[in-house]
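K.L.:
Each protein sequence line maps, in turn, to chains P and Y.
Going by this note's numbering, the first sequence opens with residue 5, and the numbers climb by one from there.
Going by this note's numbering, the second sequence opens with residue 7, and the numbers climb by one from there.
Simulated from the structure, these hints should not be mistaken for lab results.
What you were told as hints is all true, and nothing was included just to trick you.
Below, in silico cross-link-like pairs of lysine to any residue (SDA-like), each with a Cα-Cα straight-line distance of 25 Å or less:
no. : chain 1 : residue 1 : chain 2 : residue 2
1   : P       : Lys185    : Y       : Gln104
2   : Y       : Lys135    : Y       : Ala122
3   : Y       : Lys135    : Y       : Tyr152
4   : Y       : Lys128    : P       : Val186
5   : Y       : Lys135    : P       : Gln181
The structure displayed is predicted, hence computed values, not measured ones.
Residues per chain, in single letters:
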Amino acid sequence: MTTTTADPVEHLARRERLRYRLMSLVIVMVILGAWELAPRLGLVSSIILPPFSAVVGALFTLVQQPFFLGHFIVTLREIVIGFVLGTLIGFGIGTALAIWPSAKRVSYPFVVGFQAIPKIVFAPLFIAWFGFGETSKVVMAVVIAFFPVLINTLVGLESVPEDARRLMRSIKATQWQTFYKVSLPHALPVIFAGVKAALTFAVIGAIVGEFVGASVGLGYLVDLYNNQLRIDRVFAVITILAAIGAGGYFLLEWLDQKLIFWRSDADR
Amino acid sequence: MAEASSGPPGLAGAAEPIVEARGLAKTFSVAGSEVVALEGVDLSIARGEFISFVGPSGCGKSTFLNMVAGLLPASGGEALVKGVKVTEPSREVGFMFQSPVLLPWRTVEQNVLMPAEVFGRKDAAIRQKARAVLEAVGLEGFVGAYPRQLSGGMQQRVALARILTYEPEVLLMDEPFGALDEFTREAMNLELMRITRAAGITVLFVTHNITEAVFMSDRVVVMTPRPGKVSGIVDVGLPRPRAIAQMQQQGFADLIFEVRGLLGQGRGEH
Numbered sequence: 005m006t007t008t009t010a011d012p013v014e015h016l017a018r019r020e021r022l023r024y025r026l027m028s029l030v031i032v033m034v035i036l037g038a039w040e041l042a043p044r045l046g047l048v049s050s051i052i053l054p055p056f057s058a059v060v061g062a063l064f065t066l067v068q069q070p071f072f073l074g075h076f077i078v079t080l081r082e083i084v085i086g087f088v089l090g091t092l093i094g095f096g097i098g099t100a101l102a103i104w105p106s107a108k109r110v111s112y113p114f115v116v117g118f119q120a121i122p123k124i125v126f127a128p129l130f131i132a133w134f135g136f137g138e139t140s141k142v143v144m145a146v147v148i149a150f151f152p153v154l155i156n157t158l159v160g161l162e163s164v165p166e167d168a169r170r171l172m173r174s175i176k177a178t179q180w181q182t183f184y185k186v187s188l189p190h191a192l193p194v195i196f197a198g199v200k201a202a203l204t205f206a207v208i209g210a211i212v213g214e215f216v217g218a219s220v221g222l223g224y225l226v227d228l229y230n231n232q233l234r235i236d237r238v239f240a241v242i243t244i245l246a247a248i249g250a251g252g253y254f255l256l257e258w259l260d261q262k263l264i265f266w267r268s269d270a271d272r
Numbered sequence: 007m008a009e010a011s012s013g014p015p016g017l018a019g020a021a022e023p024i025v026e027a028r029g030l031a032k033t034f035s036v037a038g039s040e041v042v043a044l045e046g047v048d049l050s051i052a053r054g055e056f057i058s059f060v061g062p063s064g065c066g067k068s069t070f071l072n073m074v075a076g077l078l079p080a081s082g083g084e085a086l087v088k089g090v091k092v093t094e095p096s097r098e099v100g101f102m103f104q105s106p107v108l109l110p111w112r113t114v115e116q117n118v119l120m121p122a123e124v125f126g127r128k129d130a131a132i133r134q135k136a137r138a139v140l141e142a143v144g145l146e147g148f149v150g151a152y153p154r155q156l157s158g159g160m161q162q163r164v165a166l167a168r169i170l171t172y173e174p175e176v177l178l179m180d181e182p183f184g185a186l187d188e189f190t191r192e193a194m195n196l197e198l199m200r201i202t203r204a205a206g207i208t209v210l211f212v213t214h215n216i217t218e219a220v221f222m223s224d225r226v227v228v229m230t231p232r233p234g235k236v237s238g239i240v241d242v243g244l245p246r247p248r249a250i251a252q253m254q255q256q257g258f259a260d261l262i263f264e265v266r267g268l269l270g271q272g273r274g275e276h
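Modelling step: build the complete structure from the supplied sequences, incorporating the hints.
P.N.:
This is the structure in structure tokens:
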């Protein structure tokens with residue numbers, strides 16, 4: 005490793021990184037401190053906002069409850085299936101629209117029009133169509149998640165430089181060869197940005213679906229505890245949802261760096 | 007070397023031109039009106055010839071090259087490569103662009119082997135050929151490097167190696183070194199001449215640098231814009247191999263002046 009090398013530039017960069025981490029840490033400490041103190045000093049009712057330590061306590065008791073794992077797994081499954089299906093559908097449609105310009109011209113107004121709808125309004129409809137089970141939540145997640153992948157796939161594939169296409173034509177490459185040797189890798193960084201957004205949207209879709217009508221899942225628990233005014237547990241579930249989102253995001257970020265290794269540091 | 011073809015087309019023989027243009031023309035339709043990009047060009051290019059096309063922007067030199075490459079359909083006349091009418095790109099013709107168009111996720115060697123993959127060749131022989139070509143362009147130490155680790159000149163060497171590896175008989179170059187600095191460009195020109203002369207490859211070289219065109223070519227086709235047409239062809243009789251010292255000779259200056267004259271004539275001024 006380079007920890008012992010006396011590269012002054014590297015040394016300065018490391019100090020800079022350390023300083024920023026320290027500053028983030030200070031901000032987090034201030035926020036958590038205020039959260040802890042505000043209810044304790046009576047600035048807000050602890051029913052509305054329980055102290056941070058109470059939320060941590062609720063989190064530990066909640067995850068030890070025998071019923072918790074079932075709710076956790078249901079929501080995780082809805083998110084993962086919704087995310088994967090949404091990504092595949094978005095990638096498929098985006099690719100199709102990029103390959104067939106006439107398909108794009110015909111359907112693009114519908115695609116844009118569809119995106120203009122706040123898709124959360126579909127949630128009650130999906131409950132009616134697909135029932136109270138997991139299917140309606142997965143469908144909701146798919147419907148919200150596929151769009152950023154679609155748009156980014158389309159934009160990425162269309163941004164392939166003209167010279168690269170001409171190069172492939174000049175060596176008589178087939179359309180398929182041009183697609184997988186040039187266009188797809190070229191578009192991959194942009195597509196991946198859409199995939200990361202899709203994960204966030206899939207979480208939203210699953211939770212909204214559960215809010216509207218469910219008898220199991222983390223969104224259902226949030227709704228339940230909210231009605232019971234057990235706000236410490238509401239925050240505990242929110243923390244778990246944040247952990248799911250962050251975990252997935254870092255997994256994708258790791259995959260991104262493995263997959264798109266050629267991207268220069270400036271693009272990140 | 008620059009002898010004009012006299013044999014009838016379609017008849018195999020040493021004198022048969024490898025590239026031929028017969029009334030090759032291009033008109034574009036811009037906002038409903040026809041714009042002549044290139045008036046009919048008649049030209050015969052002998053096997054192994056190095057021929058340059060010079061002229062200002064809009065003279066149709068790139069258009070001509072793209073039609074010979076089969077990348078752009080002709081509006082009139084025809085282009086022939088080895089006596090066969092060009093209707094689509096051919097693997098006997100390599101096209102080099104102003105930008106190197108390297109794939110950043112592939113190493114130098116993988117970039118060079120990309121056309122071979124497209125042709126369905128992955129054998130040891132083609133890999134050996136790629137190594138030899140990379141050595142010829144001075145990149146033997148960068149086989150495993152990625153494009154972003156290379157300078158602009160080195161990237162163009164990779165682009166050249168990528169074409170030379172599949173051994174086309176004709177090399178079309180559209181201002182290939184236009185984005186490089188003067189010194190790098192001169193070095194690249196010398197290397198291009200050395201490599202293509204050794205391999206007997208016919209080169210059609212588009213540039214707007216008169217000195218470069220005269221220095222490298224057997225013939226210089228001078229073109230003028232609005233509408234794009236050939237204003238004249240200058241025979242460069244300078245002996246090969248060419249060296250920078252030749253640029254100081256009177257004969258060289260005369261040729262430059264001749265090309266300049268043809269450019270000015272077309273514009274009707276100077």
